[in-house]
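Colleague: Protein chains in written order, with our numbering: chain A, 1 to 116; chain B, 117 to 232.
Please note that the accuracy of each hint is not assured.
[What the hints assert, rightly or not] EDC-like cross-link-like pairs, simulated, lysine to aspartate or glutamate; straight-line CA separation at most 20 Å:
1. Lys138/B / Glu44/A
2. Lys3/A / Asp172/B
3. Lys3/A / Asp158/B
Don't read these hints as lab results, they were simulated from the structure.
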Amino acid sequence: AQKITQTQPGMFVQEKEAVTLDCTYDTSDPSYGLFWYKQPSSGEMIFLIYQGSYDQQNATEGRYSLNFQKARKSANLVISASQLGDSAMYFCAMREGTDSWGKFQFGAGTQVVVTP
Amino acid sequence: AAGVIQSPRHLIKEKRETATLKCYPIPRHDTVYWYQQGPGQDPQFLISFYEKMQSDKGSIPDRFSAQQFSDYHSELNMSSLELGDSALYFCASSLVAGRGRNTEAFFGQGTRLTVV
Chain A
1 AQKITQTQPG MFVQEKEAVT LDCTYDTSDP SYGLFWYKQP SSGEMIFLIY
51 QGSYDQQNAT EGRYSLNFQK ARKSANLVIS ASQLGDSAMY FCAMREGTDS
101 WGKFQFGAGT QVVVTP
Chain B
117 AAGVIQSPRH LIKEKRETAT LKCYPIPRHD TVYWYQQGPG QDPQFLISFY
167 EKMQSDKGSI PDRFSAQQFS DYHSELNMSS LELGDSALYF CASSLVAGRG
217 RNTEAFFGQG TRLTVV
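Using the sequences provided together with the hints, build the complete structure.
Modeller: What follows is the structure, given as structure tokens:
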């Protein structure tokens with residue numbers, strides 16, 4: 001069963017606007033971590049932001065923030081003030097369990113295209 | 117800051133040949149993961165190591181093997197290559213934190229393997 005669901009295969013956003021990328025997850029483990037990665041066309045996987053299941057506050061990293069709604073099992077990524085360089089594939093991922101070496105499970109990704 | 121280093125960045129092999137991919141994790145990281153990403157797909161987990169021992173195994177073909185060495189670098193060995201093995205292969209590293217706490221992990225830039 002799919003553990004990570006990203007329902008938006010692709011989206012366009014205008015430069016300087018904010019964009020929200022949806023991510024829902026499925027787990028019965030109380031301890032888990034949620035991650036967002038950016039993959040530009042060059043292929044590298046760039047870490048953006050992390051949210052732990054026990055974290056009380058929503059994670060923020062510069063222009064990236066994570067809207068963590070634990071009861072809904074959602075971890076949406078918000079990119080504020082989009083830039084042309086934000087055009088990329090964005091993956092939501094989860095690691096489960098108290099064993100912090102658990103594998104990552106990825107969603108299908110959302111392709112973001114930022115237009116001038 | 118030091119990142120995860122993968123070599124080579126690009127590799128072209130013929131069918132039935134062998135390939136060895138190398139991964140050098142971030143210093144002091146003790147966990148390594150290998151992922152395979154086919155064209156237009158999300159990364160699929162292959163195998164992981166914690167403290168030089170295999171910690172988890174995913175959809176890794178029997179033709180593939182991997183190990184983590186005493187200096188924590190890891191190698192993915194692929195034999196009898198098939199056209200379908202053409203993909204981007206990522207290595208990620210992480211540091212085991214305390215029990216009940218997930219940690220961020222970082223990916224290398226990937227090795228793009230093309231089997232012809």
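Colleague: Does the structure keep Lys138/B and Glu44/A at a Cα separation of 20 Å or less?
Modeller: At roughly 16 Å apart (the allowed maximum being 20 Å), Glu44/A and Lys138/B satisfy the hint.
Colleague: Hey, Lys3/A versus Asp158/B, does the alpha-carbon distance stay inside 20 Å?
Modeller: Given pair Lys3/A, Asp158/B holds - Cα atoms ~13 Å apart, limit 20 Å.
Colleague: Would the hint linking Lys3/A and Asp172/B be met if the CA-CA limit is 20 Å?
Modeller: With Cα atoms ~17 Å apart, Lys3/A and Asp172/B stay inside 20 Å; holds.
The structure fails none of the hints (numbered hints given earlier).
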